[in-house]
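**Student:** Spelled out, the chains give:
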Amino acid sequence: MIDDAEVRRLALADRRAAVDALYRAHASRVLSNLYLMLRDGEAARDLAQETFVRAFTHPEVFAGDAPLRAWLLRVAARLALNHVREQKRRRAREQGHLPARGPDPLEAVLARHLDAELARGMRELPLTYRQALVLRYHEGLGCDEIARVLEVAPGTVMSHLFRARLVLKRHLTRGDAARPVSLSERRRETRRRTG
Amino acid sequence: MSTCIELREALLDWADGRGTPERRDAVEVHLATCARCRGLAEALGALQPLESLARVETPPAMLAEVHAQLNQRLDELEPRPRPGWLTWLFSGSIAIPKPFAWAAVAAVLLLWAGHVTGPAPAPRAAPSTPVLMDGVDRLGASESSAEG
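Residue numbers (my numbering), protein chains in the order written: chain A, 1 to 195; chain B, 1 to 148.
Do not take every clue at face value.
To be verified - Non-contacting residues of chain A with respect to chain B, defined by C-beta distances greater than 12 Å in every case (computed):
#  : residue
1  : L12
2  : E60
3  : F62
4  : D65
5  : A70
6  : R74
7  : R78
8  : V84
9  : E86
10 : Q87
11 : R89
12 : R93
13 : E94
14 : E124
15 : P126
As the list claims (entries may be wrong) - According to the in silico footprint, chain A covers these stretches of chain B (three or more CB under 8 Å from chain A):
#  : region
16 : 6–19
17 : 36–49
18 : 62–70
These are computed hints drawn from the structure, not numbers from a lab. Backbone N, C-alpha and C define an ideal beta-carbon position, used for all residues, glycine too.
All chains, please: the whole structure from these sequences, using the hints.
**Tutor:** This is the structure we're talking about:
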């Protein structure tokens, strides 16, 4: 995978080529992030495209030294939030009569990889909780990094993650996908995993 | 002794089975003395299905589709210049060895130089009397004959 320094060098000569390299390196994660956050394949595709268009129309991105992946994730998260707000407004305007969509090909990907109960439980979460979960468990970011991507305080991220987990746990326990684990069991499990 | 707030992220890592052994030990020492955090840890529990989130990947066909749409949008924003014949010669997309490509460039330059610095046109013979003055003279002559 091409690194940020290489993309920045490329951008000096040809910004379009730099965006292309950026797409090849990060598009897969940006798209799956957006899909997990929104559960709407069409919107995920449009917003992923828009994320990379922003990289092209904001050349200052290539001038700094901030990690490009974090910048892309931040733009994607902001676009997702705006999209959901806009959709809410539209739904209110049209009194809930949004056109029905056909089956989404990304849903099949989710069905293959994602625990079914978890996928259902995530639908119940507010977008901000879902974003924090996706960035932590799909993207593998720490709380500080998530805070920078979502442009909120680290404490807010922590609170989103705790609450999201509590909701999911309730959902999964109800669905019998996860059994309640006692503290002593949890300690034994942690020791077993880490040897 | 660490405070509850300081250990919040470590507690989350602990619940997910992540973090260094030292960090996990610190959490367990804290849990032994803090009933509030112990309650939180019990409530968080283990949520192994969350690990399945890391496995979700975008299908390559979808990536290619979005890539094509992105290129279309970027073309609208800033059309790419059409590659000139030099790019075509040296891009490597056609099988012309470099020496032949350079020879072609040299031939074109020679032809161009020949066209620019070709044989000079033959100098035109200067008329004995400047045409304008000739006309003026004739005009003067006709005026003087009219007076006479």
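**Student:** A separate judgement is required for each hint: does it hold in the structure or not?
**Tutor:** Each hint tested on the structure:
no. : hint  : result
1   : L12   : holds, 16 Å
2   : E60   : holds, 16 Å
3   : F62   : holds, 15 Å
4   : D65   : holds, 24 Å
5   : A70   : holds, 18 Å
6   : R74   : holds, 19 Å
7   : R78   : holds, 18 Å
8   : V84   : holds, 19 Å
9   : E86   : holds, 19 Å
10  : Q87   : holds, 20 Å
11  : R89   : holds, 25 Å
12  : R93   : holds, 27 Å
13  : E94   : holds, 26 Å
14  : E124  : holds, 14 Å
15  : P126  : holds, 17 Å
16  : 6–19  : holds (count 6)
17  : 36–49 : holds (count 11)
18  : 62–70 : holds (count 7)
Of the numbered hints stated above, none is contradicted by the structure.
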